[in-house]
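Let the hints inform the model, and build the full structure from the sequences given.
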Amino acid sequence: MSASGSPLLNVRSLGKTYPNGTKALSDVSFSVDAGEFLVVIGLSGSGKTTLLRCLNRLVDPSYGEIDFAGRRIETLQGAEVRSVRQDMAMIFQQFNLVPRLSALTNVLTGQLAHQPTWKSLLGLHSSTEREAALEFLKLVGIADKARVRCDQLSGGQQQRVAIARALYQKPKLLLADEPVASLDPATSHSVMDYLRKANRELGITVICNLHYLSLVREYATRVIALKEGRLVFEGRPEEIDRAWFQRIYGEEARDVGIQ
Amino acid sequence: MSASSERWPLRKLIFDTLFFAYGVALFADALGAMGVSAFHFTQDDFIQNFSHYATFSLLLTGVMAIVALVANLRGWTTPGDALFASPLRKLELSARPWSRSPWLWQVVIVFTLTIVVSVRVTESSIGDLLDADGLQGAWRLWSGLSQPNFNLLPRALALAAETIFIAFLSTVLAIPAAFFLAFFAAKNLMQGPLALAVYAVLRALLNLSRSIEPLIWALIFTVWVGVGPFAGMLALTVHSIASLIKYYSEIIESVSDGPIDGIRSTGANAIQTVWYAVVPQIVLPYIAMTVYRWDTNVRMATVIGLVGGGGIGTLLIQYQGQALWPEVGCIVLVIAVIVWLMDTASAYVREALK
Numbered sequence: 001m002s003a004s005g006s007p008l009l010n011v012r013s014l015g016k017t018y019p020n021g022t023k024a025l026s027d028v029s030f031s032v033d034a035g036e037f038l039v040v041i042g043l044s045g046s047g048k049t050t051l052l053r054c055l056n057r058l059v060d061p062s063y064g065e066i067d068f069a070g071r072r073i074e075t076l077q078g079a080e081v082r083s084v085r086q087d088m089a090m091i092f093q094q095f096n097l098v099p100r101l102s103a104l105t106n107v108l109t110g111q112l113a114h115q116p117t118w119k120s121l122l123g124l125h126s127s128t129e130r131e132a133a134l135e136f137l138k139l140v141g142i143a144d145k146a147r148v149r150c151d152q153l154s155g156g157q158q159q160r161v162a163i164a165r166a167l168y169q170k171p172k173l174l175l176a177d178e179p180v181a182s183l184d185p186a187t188s189h190s191v192m193d194y195l196r197k198a199n200r201e202l203g204i205t206v207i208c209n210l211h212y213l214s215l216v217r218e219y220a221t222r223v224i225a226l227k228e229g230r231l232v233f234e235g236r237p238e239e240i241d242r243a244w245f246q247r248i249y250g251e252e253a254r255d256v257g258i259q
Numbered sequence: 001m002s003a004s005s006e007r008w009p010l011r012k013l014i015f016d017t018l019f020f021a022y023g024v025a026l027f028a029d030a031l032g033a034m035g036v037s038a039f040h041f042t043q044d045d046f047i048q049n050f051s052h053y054a055t056f057s058l059l060l061t062g063v064m065a066i067v068a069l070v071a072n073l074r075g076w077t078t079p080g081d082a083l084f085a086s087p088l089r090k091l092e093l094s095a096r097p098w099s100r101s102p103w104l105w106q107v108v109i110v111f112t113l114t115i116v117v118s119v120r121v122t123e124s125s126i127g128d129l130l131d132a133d134g135l136q137g138a139w140r141l142w143s144g145l146s147q148p149n150f151n152l153l154p155r156a157l158a159l160a161a162e163t164i165f166i167a168f169l170s171t172v173l174a175i176p177a178a179f180f181l182a183f184f185a186a187k188n189l190m191q192g193p194l195a196l197a198v199y200a201v202l203r204a205l206l207n208l209s210r211s212i213e214p215l216i217w218a219l220i221f222t223v224w225v226g227v228g229p230f231a232g233m234l235a236l237t238v239h240s241i242a243s244l245i246k247y248y249s250e251i252i253e254s255v256s257d258g259p260i261d262g263i264r265s266t267g268a269n270a271i272q273t274v275w276y277a278v279v280p281q282i283v284l285p286y287i288a289m290t291v292y293r294w295d296t297n298v299r300m301a302t303v304i305g306l307v308g309g310g311g312i313g314t315l316l317i318q319y320q321g322q323a324l325w326p327e328v329g330c331i332v333l334v335i336a337v338i339v340w341l342m343d344t345a346s347a348y349v350r351e352a353l354k
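Chains as they are written, first to last, in the working numbering: chain C, 1 to 259; chain P, 1 to 354.
Honestly, I wouldn't trust all of these hints.
[Claimed, not checked] Within a straight-line C-alpha distance of at most 30 Å, the following computed DSSO-like cross-link-like pairs (lysine-lysine) qualify: (1) Lys-90/P x Lys-119/C; (2) Lys-172/C x Lys-197/C; (3) Lys-145/C x Lys-119/C; (4) Lys-145/C x Lys-170/C; (5) Lys-227/C x Lys-145/C; (6) Lys-23/C x Lys-187/P.
Rather than coming from a laboratory, the hints here were simulated on the basis of the structure.
Next comes the structure, spelled out in structure tokens:
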């Protein structure tokens with residue numbers, strides 16, 4: 001829990017310029033309260049992925065400040081970064097599970113940060129840990145696949161295992177980088193439903209990058225929009241009317257629904 | 001590319017200079033081969049008058065540097081153009097018909113001249129190939145080989161087993177060292193200034209040790225630990241470590257980044273990330289490459305035996321020295337069967353692991 005009154009995450013004037021000169025993010029500021037389901041929208045290449053990766057420091061920001069759970073995190077190094085990542089789980093468009101390991105083992109990797117290195121090298125997990133991990137597979141409705149290798153699972157099943165891994169981290173914040181962009185519409189809704197469940201029932205704050213406005217309207221409690229690395233919109237999902245839509249996505253754009 | 005490298009294409013100029021100088025020297029030598037020119041020289045002549053030829057080469061290179069410069073200023077197409085031109089210029093060059101590309105003609109002429117000179121340097125001669133005495137000798141040797149003396153079979157088999165064990169132990173001993181060091185030789189894992197320095201030093205050492213042939217290592221170790229299988233095994237171990245690190249690190253460099261990001265995002269440390277995200281992706285290709293290395297080592301162990309590294313190669317050189325061709329025939333047969341068996345087995349294992 002964050003200290004009363006202050007937001008869980010506060011980003012001030014964040015920027016990232018890659019070594020090749022690409023300005024992925026410029027001067028982005030926003031904050032997120034505990035319990036929100038914040039959705040980030042914008043065209044491909046607008047900086048959404050870079051933004052999430054700056055938050056958990058898979059990418060080092062070029063400038064700006066990030067407060068997370070009462071702590072300045074943009075300059076932390078080594079073990080401190082890892083402790084931040086433990087509290088800030090992430091799921092990815094391409095799922096990023098380890099293909100040759102079973103679903104259960106993949107979930108168990110969610111607690112690597114709390115394990116001594118020698119123990120994790122031997123792959124030792126207590127039965128309590130295994131049961132806890134299995135609980136999260138049950139939560140996303142895929143406990144029957146616990147022993148199956150992840151490269152044998154369908155895309156939707158893999159993303160659910162990835163959610164289980166993220167939840168097993170017992171995070172304060174869940175970052176979801178286009179979690180449904182590689183999935184069919186029906187599977188997309190089921191994955192988004194599990195994210196909402198994590199948000200509402202487990203009280204985990206979610207920041208989610210999305211493409212489809214129909215999903216945004218259904219799941220977001222608040223929306224920010226990026227265009228060419230800048231924050232161009234901040235508000236409630238229903239405030240994105242036709243005019244805003246065209247400012248964010250360009251004059252030519254037309255909304256494609258996902259049913 | 002900056003503007004200055006467009007106007008002063010250094011790599012192109014150096015290449016053209018060397019190319020032209022080589023071409024002119026070849027031309028002179030080829031003319032000499034036909035007995036027309038004063039440039040014709042024999043190897044003895046070259047060794048005795050080395051300083052003379054060195055001066056001449058430097059002068060020639062200097063003149064050709066001027067030619068290359070002129071060619072560049074005039075915009076003539078040269079072989080250097082084709083190699084180092086900017087993408088735009090390459091497009092322009094590729095639009096021309098091949099008959100109107102002078103650089104192509106230059107390459108064809110130099111290639112042909114190189115063949116002429118190579119034939120001369122290798123002392124190639126149809127006469128020697130069809131010489132009656134020579135043919136008779138070769139026939140005698142071949143008929144000896146084709147009637148193997150199978151009395152030698154037990155010894156040959158025992159030493160073939162020695163060769164396989166030499167190859168096996170050298171492979172196994174190389175695995176742990178190569179497994180550990182390969183991570184430091186994989187560019188995708190070695191990010192950051194310190195890591196990149198370690199990577200560069202390790203790569204340089206590897207290239208150095210791989211450029212020393214196992215035959216040379218065998219010579220070193222026969223002096224160190226004495227002639228015999230132990231020396232051969234050590235030589236192959238050293239060579240295998242370097243080779244396996246190269247195979248392994250290339251496998252590591254080809255793993256997908258997704259799982260690495262996934263494990264890092266959980267807060268795992270570097271060792272845990274490698275163990276959980278990289279290692280599961282590399283185990284099967286590692287086994288395949290290691291089996292292949294064992295197979296290669298069996299063939300190399302045979303060769304190393306020739307210089308005192310033990311195994312069946314040592315037997316081969318003994319009988320070959322005494323010109324006992326039926327015995328040599330038996331040994332060669334055993335080697336062929338072993339190599340064929342190892343090759344088939346390792347191909348089968350690698351296929352099964354795909």
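Comparing the hints with the structure gives:
no.: 1; hint: Lys-90/P x Lys-119/C; in the structure: 57 Å, violated
no.: 2; hint: Lys-172/C x Lys-197/C; in the structure: 14 Å, holds
no.: 3; hint: Lys-145/C x Lys-119/C; in the structure: 25 Å, holds
no.: 4; hint: Lys-145/C x Lys-170/C; in the structure: 22 Å, holds
no.: 5; hint: Lys-227/C x Lys-145/C; in the structure: 40 Å, violated
no.: 6; hint: Lys-23/C x Lys-187/P; in the structure: 25 Å, holds
Consistency with the previously given hints fails for numbers 1, 5, ordered from lowest to highest.
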